[in-house]
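Undergrad: Respectively, the protein sequence lines represent chains A and B. According to the working numbering, the first sequence is numbered sequentially starting from 1. According to the working numbering, the second sequence is numbered sequentially starting from 1.
Hints are computed from structural coordinates only; laboratory data are not their basis.
Some, not all, of what chain B presents toward chain A, calculated at C-beta under 8 Å:
hint : residue
1    : Ser425
2    : Tyr430
3    : Leu431
4    : Gln434
5    : Leu437
6    : Asp438
7    : Leu445
8    : Asn448
9    : Gly449
10   : Phe450
Note that this is a predicted model, so its numbers are computed, not measured. Ideal Cβ positions, reconstructed from N, Cα and C, are used throughout, including at glycine.
One-letter residues, chain by chain:
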Amino acid sequence: MLSIKDLHASVSGKEILKGLSLEVKPGEVHAIMGPNGSGKSTLGHVLSGRDNYEATSGSVEFLGKDLLAMEDIEERAREGLFLAFQYPVEIPGVSNMEFLKASVDAVREHRGEEPMDSIQFMKLAREKCKAVNLDDKFLKRGVNEGFSGGEKKRNELMQMMLLEPKLAILDETDSGLDIDALQVVAEGVNAMRNKERSFVLVTHYQRLLDYIQPDVVHVLADGRIVKTGDKNLALELEEKGYGWIEQEVA
Amino acid sequence: MAETQIDERLKSDYEAGFVTDIESETLPPGLNQEVIEFISNKKNEPDWLLEWRLRAYEQWREMQEPQWAHVHYPKVDFDALSYYSAPKGVGEGPKSLDEVDPELLRTYEKLGIPLHEQEVLAGVAVDAVFDSVSVTTTFREKLHEAGVIFCPISEAVHEYPELIKTYLGSVVPQRDNFYAALNSAVFSDGSFVYIPKGVRCPMELSTYFRINEAKTGQFERTLIIADEGSYVSYLEGCTAPMRDENQLHAAVVELVALKDAEIKYSTVQNWYPGDSEGKGGIYNFVTKRGVCHDNAKISWTQVETGSAVTWKYPSVVLRGDNSTGEFYSVALTNNYQQADTGTKMIHMGKNTSSTIVSKGISAGKSQNAYRGLVRMGPNAENARNYTQCDSMLIGDACGAHTFPYIESKNPSAVVEHEASTSKVSEDQLYLCRQRGLDPEKAVSLIVNGFCKEVFRELPMEFAVEAGKLLEVSLEGSVG
Chain A
1 MLSIKDLHAS VSGKEILKGL SLEVKPGEVH AIMGPNGSGK STLGHVLSGR DNYEATSGSV
61 EFLGKDLLAM EDIEERAREG LFLAFQYPVE IPGVSNMEFL KASVDAVREH RGEEPMDSIQ
121 FMKLAREKCK AVNLDDKFLK RGVNEGFSGG EKKRNELMQM MLLEPKLAIL DETDSGLDID
181 ALQVVAEGVN AMRNKERSFV LVTHYQRLLD YIQPDVVHVL ADGRIVKTGD KNLALELEEK
241 GYGWIEQEVA
Chain B
1 MAETQIDERL KSDYEAGFVT DIESETLPPG LNQEVIEFIS NKKNEPDWLL EWRLRAYEQW
61 REMQEPQWAH VHYPKVDFDA LSYYSAPKGV GEGPKSLDEV DPELLRTYEK LGIPLHEQEV
121 LAGVAVDAVF DSVSVTTTFR EKLHEAGVIF CPISEAVHEY PELIKTYLGS VVPQRDNFYA
181 ALNSAVFSDG SFVYIPKGVR CPMELSTYFR INEAKTGQFE RTLIIADEGS YVSYLEGCTA
241 PMRDENQLHA AVVELVALKD AEIKYSTVQN WYPGDSEGKG GIYNFVTKRG VCHDNAKISW
301 TQVETGSAVT WKYPSVVLRG DNSTGEFYSV ALTNNYQQAD TGTKMIHMGK NTSSTIVSKG
361 ISAGKSQNAY RGLVRMGPNA ENARNYTQCD SMLIGDACGA HTFPYIESKN PSAVVEHEAS
421 TSKVSEDQLY LCRQRGLDPE KAVSLIVNGF CKEVFRELPM EFAVEAGKLL EVSLEGSVG
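With the rest of the complex left out, here is chain B (with noise of 0.2 Å):
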C-alpha cells in the first residue's frame, strides 16, 4: 500500500471511530424536557434511554445540591449552563500553538510532552495527528483479538444494547445524588469497556487513546463491567492541564467486578485550578462507584491536583463475599483551591476486606479534607478494614480536615484507622537547601515522598508523571 493510501486509511478509521458526526451546535442555555428529547435524538437513542434520561432529571428537579461537603462556592446556576455544545471542529479553537496561553505551553514543557499532544491538548485544531492515529489503530485491532469492547459509550448504546440496558445505573443509581442525577438525564459521552470472561485485558486502557474525549468532559459517563474472572488496569485522564471552558464538571463513573475479577482503576486529575488569586476554575462534582461481586477486587488510585473545588468519592461496595476494596489517594490543593475527597468501603459480604491510604497536602490558602465512610454490614462477618490517613501542611495559611465515618453492626468486623498531620519542616528545607537544592525542588521533593505509597500503586509511566505534575502544581507555594 502506498504511503497516502495508509494515511487514507488511518484517517477514514479514526473518522469512523472515534469522532461522532455531530454538526456544530451549541444549544441555548437551560434545562427542561426539550433540552434532554434534544440531546438523546441527536445522538439517535433509543426509546427506553430517552425515558430513563427523563426520570432522572423527574427526579433531579426534586433534590437540593448538597450542601455537607467543607467546600464554599457561589451557587451553580443551572439555568445560566448549556447543556448540549458539539465539539469544536476544524476552523475553531487556536489555529495553532501561538495562539494558546505561553502559561500552559511552559507547563506542558515542564511535564515533557511532545509537541504533537500538546497542540491536541491545548485544543489546536489539527486535521489528524498521525502518530497518535496509528497508535490508536493497532491499538484498537489488538484488544478486537482479545475480545476486549473499548468504545465510545454513546456507540455502546447501539452495538451492545443489553449490557448497557443490565448495567447503566445498576451501581450509582439515577437518584443517588444530585449531581448523579443531572448527569443521568443531560451526560453526553464517555467510555465502555467490556472484558470478556476469564480475560486478561492485553493492555492498560487510557482515555489517552481516545482523544476526542478531552471535549466530551462535562458529564461524562463511563461503564467499566469486568466479567468472571477478568482483568483490566483503566487510567483516566492525562497528566497535562487541560484547557476547558466548562466551569461545572459532575461525572459519573460505574464499575462492576463479577465473580473473581479485578478491577484498576487509576486517576490523573488536573482540572484548571483557577488563578492564583482563587479567580476561575473547575467544579468538579463526580461520583465513582463499584460493585465487588464474590471475590472480586476492586482498585481506585487518584492523584487529584486540579479543579478550584473537588467533591469526590471513589466507593467499593463489597457486595461478594471475600472481596477487596483498595482506595488509594493523593489530593493536593494549592492557593485558594478546596478538596472534599475520600472513599466509602461499604462491606457486605463475609470476609470482605478494605484499604485506605489517603495522603492530602495543602499549601498556601487551601482547604483540603478527607471524608471516609466505612460501614460494616450486620452480614460481614470478619470483614476488615485498614484506613490511614496523613496529612500535610505547608505554610501557614492553609487547612487540613478529617471526616471520618465508620459504622459496624457487626461484632465480628475489626475497623483501624491511623491519622496523622505532619507539616514540611524548616529543619527539612534547610538540609535540601543546604545541599543544593532550591526550595521548589525542596518541596516536591518531600511532598513526593510523603505520597510514595500511593504512587507505587500506580502505572510506572503514570507515576512518574504524577511526580512531575506536584511539582508544577506546587510552584509558588514557598516564599
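So that you can see chain A by itself, here it is in the shape it has in the complex (with noise of 0.2 Å):
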C-alpha cells in the first residue's frame, strides 16, 4: 500500500522529516504519536503534495506507483489518498452537496466512470450523514461554515465515506472532540476498515485507540520514526509520556 523509505522533507526550506521510513500493507491501521514539532502533521502534508512541503530525498511508493513524482495534489487525491484535515477551512457560500458531488465526480472521472447520477447521490450522501450523526441540512450549508469543532470533523469523515479512499490519513482527527463524537468518528473508522484500506491515524492521545485498535503504533520524534510496537506501545506511552524513549533513542 505504502512504502516509505528514508524520507527526507522540508517545509519552506526548513528540515523536518530527517529519514522517515514507513510500510503500511492493505488493510492494515497505523497509529502515529509522538511530541508536539516531532513532524506528524507534516508527514500527512507531504504524502499529500501540499505546496511548500517538499520531499528532498528518499522514496515513496503508493500502490505501486512513485508518489512522489505525482506532482498534483488532486493527482494524489484521485488515485485513493485521503487527508482528513486537523483544522479544517471553511468555504462559505459553496454547499456542502454541491462541494462534495464534484469532489465525487472528479474521482470518478479519473477512474474512468460517469458522474454520478444527482438523485443518486443525494441519496447516498444523506446515508453517509447518517453514519457519521449529521443532520442532513449539513448537506445545504456552507462548506464548513459555521460548523462547530466536532461538525467540521464529523464532516471530514462524512467526505471520507463518499470518497472511499485507499488510504486514509486522519491529522489529529480525535483533537477537540468530546466523548460521543469521538465514538462516532471511531464507529466510522471502523465500518469503513477492509482488507484493502488502510488508515494512517495521527494523534496525540492513546484515548482514540481505545476505540480504534491499531494494527501497529509508531513514535515519530525528531523527524524520524523512533520506535514501533502493538497497540500496548500506546498505553506504556500514556503511562509514561515521551521523555524515556527521547532518553532511549539518544
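Both chains are sitting in their own frames, so use the hints and assemble them into the complex.
TA: Structure follows, in C-alpha cells:
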C-alpha cells in the first residue's frame, strides 16, 4: 500500500522529516504518535503534496506507483489518498452537497466512470450523514461554514466515506472532540476498515486507540520513527509520556 | 399547410418583424450634423426625433469625457469612429463555423451552446435559423395576446410615437453625461417594451429572441415602460462571449416603473475582454437608470465578466413614496481588465428602501472598483438603505477598491454599509484539491459560492449559465 523509505522533507526550506521510513500493508491501521513538533502533521502534508512541503530525498511508493513523481495534489487524491484535516477550512457559500458532488465526480472521472446521477448521489450523501450522526441539513450549508469543531471533523469523515479512498490519513481528527463525537468518528473508521483499505492515524493521545484498534503503533520524534510496537506501546506512552523514548534513542 | 409553406411563412415573418431593411453601407469615420441627419434619414425618423438627436449632439460637443473613474485607457478618438454601419448581410462575415476563431468555439462548447446558436453568436451568415424563428413567432403571438409591446425601438418610433415622445430621455436626459449625450445623438437601435396596466408579462423578455440585436450593439438604446400595477422581467445579453469589432460601446437603458409596477432587469455582460496581454477588448460605457413611482420596484441584477474597461452604474431614482430599488452585482475582472461599477440609489419619496449587494472579484493584473452613491433627499422620511460590498482577490497582482458615497439630508433616514475583502486562501484551495478537484474548478467553486447571494436573484437558467461563465472567465487565473 504505502512504502516510505528514508524520507527527508522540508517545509519552506526547513528540514522537518529526517529519514522517515514506514511500511503500511493493505488493510492495516497504523497509529503515529509523538510529541509536538516531531513532524506528525508534516508527514500527512508531504504525502498529499501540499505546496511548500518538499520531499528532498528518499522514496514513497503508493499502490506500486511513485507518489513523489505525482506533482499535483489532486492527482494523488484521485489515486485514492485522503487526508482528513486537523483544522478543516470554511468555504462560504459553496454548499456541502455541491462540493461533495464535484469531488466524487472528479474521482470517478479519473477512474473512467461517468458522473454520479444527482438523485442517487443525494441518497448516498444522506446515508453517510446519518452514519456520522450529522443532520442532512448540513448538506445544504456552506462547506464547514459556521460548523462547530466536532461538526467539522464529522464532515471530514463523511467526505472520506463518500470518496472511499485506498489510504486515509487522519491528522489529529480526535483533537477537540468530546467523547460522543470521538465514538462516532471511531465507528465510522471501523465501518470502513476492510482488507484493502489502510489507515494512518496521527494522534497525540491514546484515547482514540481505545475505540480504533491499531495494528501497529509508531513513535515519531525529531523527524524519524524511533519506536514501533503494537497497541500496548500506546498504553505505555500514555503512562510514561514521551521523555523515556527520547532518552532511549539518545 | 405544407411544410415548405410554413417555412416560407416563418421566413417572411422574420424579415418583417426583426430585420430592419437597410442597404449594406458604412459611413466614413467622424461625427458631424450631416452624419446625424444621415442616420435619422436612414431610419425614416420624424422631424422631432432628428431635432432631439441634434440637440444632444450640440450638448455633447460642449461636454468632457469623465475622468473620475478608477480606469486608465488611451483616449478614444471620436473622429476615428464610424457612426453608421449597416448590419452585415449574407455573404459577408464567416461562411461557416470552420472560419471562426477556434478559441471562441472552444468557449461555446464549454458553455454547452447548441450548434445553430453558436453560428448566430459568432456572426456566421445563415439565411434563417429555423428553430429560433419558430420560437420567436410563437413567442410574439403570446405577447400580443397579453397586449405587451416588445419591438425594436426604431419600429416603436413609428408605431407608438406618443409613448416614445413622452418617455425617451425622461430618465436619462440627453445631457446627463458625456456618453449618454453621444448615445442620444447617434443611437442605432435597441429594444422597446411596454407592459399595459395590470398586466403581468407572461414570460421573461430576452434580447435573445431578437437575434439581430447583437449587431446593433455599439450605441444601443433601450426603453422599458411598466404601466401601473404591471410586472416584467427582462434579460439582457446572452451568456456566450460576443464577437464584436466595435471598440466603444455606449448604451443607454431607461426604465420607467409607474405606480405599483415592478421591473426586474438582469444582465450578463461578456463582451470581448481583450487577450491575456491586455490587447484589444471592448470599452463598455453604459448609462442605466430607472425611475420608480409610488409603490413601484426596480431591481437590477448584473453579472459583468467581459469588456476591457467597464464604466457602469445601474441606478434607481426612488421618486414615489414606498418605492423600492435593488442592485445585485457580480463584477469579475481577470488579466488586464478594469471595472468601475456600482449604483446610485436616489431616495426622494417617503418610506423608500434600497438594497445594494455588490461582489467584486479580481484576478490576474486586473483592477476592480465598486462606486456607489446613496442619497437621502430632504423628503425621504424613514427611507432605508442597506449596502453590502464584498471584494475577493485571486493572486496578488490585482486590485480591489471601494468608493461608497453617502449623502443624507433627512435625519429619519437610515443608511447601513458593510464591506469586506477576502482572498481565495491557500487553505481553501488545498482542501478542494485534496478532495480531487483541479485548481481551476476549485477557484470557480469558491468564487461561485462568494457570488451566491447575487446569483439567486437571477432567473434560474441564467444563474446556471452565469456560473459556467465565471468558470470560463477565470481560466488561467491560478498558476
